[in-house]
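Please build the complex by placing chain R on the supplied structure of chain Y, with the hints as guidance.
Taken in order, these protein sequences are the chains called Y and R.
Here the numbering used here is used: the first residue of the first sequence is 1, the next is one more, and so on.
Here the numbering used here is used: the first residue of the second sequence is 1, the next is one more, and so on.
Take the hints with a grain of salt, since some may be wrong.
[Unchecked claim] Partial pick of chain R residues on the chain Y-facing surface, computed with a CB cut under 7 Å: (1) Leu11; (2) Thr15; (3) Val19; (4) Ala22; (5) Val34; (6) Leu35; (7) Ser39; (8) Lys42; (9) Ile46; (10) Phe50; (11) Met51; (12) Glu56; (13) Ala58; (14) Leu60; (15) Ala67.
[To be verified] Label-pair restraints from in silico Cβ distances: (16) R:Ile74 <-> Y:Leu60: 27 to 37 Å; (17) R:Gly57 <-> Y:Phe20: 12 to 22 Å; (18) Y:Ala44 <-> R:Leu79: 12 to 22 Å; (19) R:Met30 <-> Y:Pro123: 22 to 32 Å.
If you are wondering where the hints come from, they were derived from the structure by calculation, not from laboratory data.
Computed from a prediction, not measured in an experiment: that's the story for all the values here.
Built from N, CA and C at the ideal position, the CB exists for glycine as well.
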Amino acid sequence: MSVAVGPRITSPNKLGMWLFLVSDALTFTTLILCYAFVRISSPAWPHPFEFAPGILFATLMTFVLLTSSLTMAAGVGAMREGRRNGAAAWIAATIACGALFIALHLTEWRHLIAMGVTPSANPWGVPLFGAVFFGLTGLHMAHVASGIVYLAILGAGARSGRFSAGDVEVGGLYWHFVDLVWMFLFPLLYLTAVKP
Amino acid sequence: MKPYFGAWGFLLSLTAIEVALAYRHTPPVMMLTVLLALSFLKAGAIVTRFMHIAGEGARLAWLVLPAFFFIGLILLGILGDAGPAAYGAAQ
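Chain Y with its partners taken away, still in its complex shape (with noise of 0.2 Å):
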């Protein structure tokens, strides 16, 4: 039973997750004025991504994570329609965007690696490079995954009824979050360092 105490601004688990991604949107905010910081103050920031595969794999990226916010709220939709399995289905294939997005990344970090990119050292002589680019993406992909795991035991708890529509929503705000700062770090990060 819920006793009603005065107004809500919103669900206590919705607003729980709204006030965890403000600090997290915080978090990476900082983290992108130290990048902007370290650029401006940057004589030459080297431009190493050519479009193959680096820009195309960026691109294919954020059009996998763009469809993967899609699949999430066709699976908030199908919670709140009481289709249990169809949700389930949604979530499933939302973790499997999350999934090929870390694929595509890691193939380019590899990359990156292979030019003998690190978090110290690349082979243009400015080192921030490296820890700016493994930092900012790192962070994401860190995001990504616990996303991917989050939604894999959603879907699980939608599925068997653990889970209300509320839940799902719930986790359905910090997976668009996790997109939302992908479209900062594509561009920032990619289109602004595009070999010419």
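Chain R only, in chain Y's frame:
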């Protein structure tokens, strides 16, 4: 599902514009301005279309947005020190 497809198509077309822009010889400051504007537009589309912030009422927005005002203050505080001179000092 229809509004979601609309948002998805909108976000994809903005992405296409961004990639096309990167391959036109645009002056860096101009390009950064346009890319950032498009990024904020995309973030806005995700927050309103997928995360339904408008449906949560104004109080949630008031809870979320002020934090970014303070981030703006930090930005004003540090970026004045950025520039080639800062890099030289770090050497």
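Hints versus structure:
For Leu11 (chain R), the interface hint holds, since its Cβ comes within 7 Å of a Cβ in chain Y; the closest pair sits about 5 Å apart. At a threshold of 7 Å, the smallest CB-CB gap from Thr15 (chain R) to chain Y is about 5 Å, leaving the interface hint in force. Satisfaction of the interface hint for Val19 (chain R) is found here, the shortest Cβ-Cβ separation to chain Y being roughly 6 Å, below the 7 Å cut-off. For the restraint placing Ala22 (chain R) at the interface with chain Y, the shortest Cβ-Cβ distance is roughly 4 Å, inside the 7 Å limit, so the hint holds.
Residue-level restraint check for Val34 (chain R) is violated (minimum Cβ-Cβ distance to chain Y is 9 Å; threshold 7 Å). Annotation: interface hint on Leu35 (chain R) holds; nearest CB of chain Y at approximately 4 Å, less than 7 Å. About 5 Å separates the beta-carbon of Ser39 (chain R) from the nearest beta-carbon of chain Y, less than 7 Å, and the hint is met. The criterion of a C-beta within 7 Å of any C-beta in chain Y is met by Lys42 (chain R), whose closest approach is roughly 4 Å, and the hint holds.
The interface hint given for Ile46 (chain R) holds, since its Cβ lies 5 Å from the closest Cβ of chain Y, which is under the 7 Å cut-off. Given hint, Phe50 (chain R) at the interface with chain Y, holds; its Cβ is 4 Å from that chain's nearest Cβ, closer than 7 Å. Annotation: Met51 (chain R) was flagged as interfacial toward chain Y, and the flag holds, the nearest CB pair being 5 Å apart, inside 7 Å. Among the interface hints, the one on Glu56 (chain R) holds; its C-beta lies about 5 Å from the nearest C-beta in chain Y, closer than the 7 Å criterion.
A least Cβ separation of about 10 Å between Ala58 (chain R) and chain Y goes past the 7 Å threshold, and the interface hint is therefore violated. The beta carbon of Leu60 (chain R) is positioned within 7 Å of a beta carbon in chain Y (closest approach about 6 Å), and the interface hint is therefore held. Checking Ala67 (chain R) against chain Y by beta carbon gives a least distance of about 5 Å; that is within 7 Å, so the hint holds. Range check, Ile74 (chain R) to Leu60 (chain Y): Cβ separation about 34 Å, and the 27 to 37 Å hint holds.
Range check, Gly57 (chain R) to Phe20 (chain Y): about 19 Å between beta-carbon atoms, so the 12 to 22 Å window is met. For Ala44 (chain Y) and Leu79 (chain R), the Cβ-Cβ distance of about 20 Å falls inside the hinted range of 12 to 22 Å, so the restraint holds. Separated by about 29 Å at the C-beta atoms, Met30 (chain R) and Pro123 (chain Y) satisfy the suggested range of 22 to 32 Å.
Hints 5, 13 from the list above are not met by this structure, while the remaining hints are.
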